[in-house]
Amino acid sequence: MSLPPSESDWQIRQYIYTRLVGTSRAPTILDIAAHFVMRPAQAQAALRRLQAAHALVLAEDGAVLMAHPLSAVPTDYRARIDGHWLYANCAWDSLGIPAMLGIDVQVEARHPLSRQPIHFCVDGGQLVGAEGCLVHFAQAFRNWYDDIVET
Numbered sequence: 008m009s010l011p012p013s014e015s016d017w018q019i020r021q022y023i024y025t026r027l028v029g030t031s032r033a034p035t036i037l038d039i040a041a042h043f044v045m046r047p048a049q050a051q052a053a054l055r056r057l058q059a060a061h062a063l064v065l066a067e068d069g070a071v072l073m074a075h076p077l078s079a080v081p082t083d084y085r086a087r088i089d090g091h092w093l094y095a096n097c098a099w100d101s102l103g104i105p106a107m108l109g110i111d112v113q114v115e116a117r118h119p120l121s122r123q124p125i126h127f128c129v130d131g132g133q134l135v136g137a138e139g140c141l142v143h144f145a146q147a148f149r150n151w152y153d154d155i156v157e158t
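Using this note's numbering, the first residue of the sequence shown is number 8, and each one after it goes up by one.
For the record, the hints were derived by calculation from the structure and aren't laboratory data. Using N, Cα and C, we set each Cβ at its ideal position, and we do this for glycine too. Where hints are given, some of them may not hold.
[Stated by the list, open to error] Ranges between beta-carbon positions, derived for each pair: (1) H42 to D89: 34 to 42 Å; (2) L108 to V142: 16 to 24 Å; (3) G132 to V44: 34 to 42 Å; (4) R46 to E67: 20 to 28 Å; (5) R46 to Q123: 13 to 21 Å; (6) D89 to R149: 17 to 25 Å; (7) H91 to S121: 23 to 31 Å.
Go ahead and model the full structure; you've got the sequences and the hints to work with.
Structure (structure tokens):
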């Protein structure tokens, strides 16, 4: 059992969000270590504590994969803000981006089965253009972290 995240771990998480929102890319372990003046092993340990607390998801190589609702890798769900795309992990997370940032966004997605494009936006906190769309959760929420990437 790992220790809970420390205050500095939460600062690292905020840094990850800031970098993802600003650049659509997650910082590397070396970026985090340099920014917080720590050894890479300390940065990796902080990321593992954050993952254990379900505050982010790491790839097998230890790199940041997800900081919900954001994805560090391109996906079929993306939201346009300030002239660049932010990637979401799923349809639900694509709605989480404008909620998290408190802004209007244009969302482009692909239907997971038909691969048909889906376009909608959040304007003034209201979902627009998603008539007839439905978000289906294949897993009950209590099971999401059994395999959050697949969920």
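Against the structure, the hints come out as follows:
no.	hint	verdict
1	H42 to D89: 34 to 42 Å	violated, 22 Å
2	L108 to V142: 16 to 24 Å	holds, 20 Å
3	G132 to V44: 34 to 42 Å	holds, 39 Å
4	R46 to E67: 20 to 28 Å	holds, 21 Å
5	R46 to Q123: 13 to 21 Å	violated, 48 Å
6	D89 to R149: 17 to 25 Å	violated, 36 Å
7	H91 to S121: 23 to 31 Å	holds, 27 Å
Figure legend: structure checked against the earlier numbered hints; hints not met, in rising order: 1, 5 and 6.
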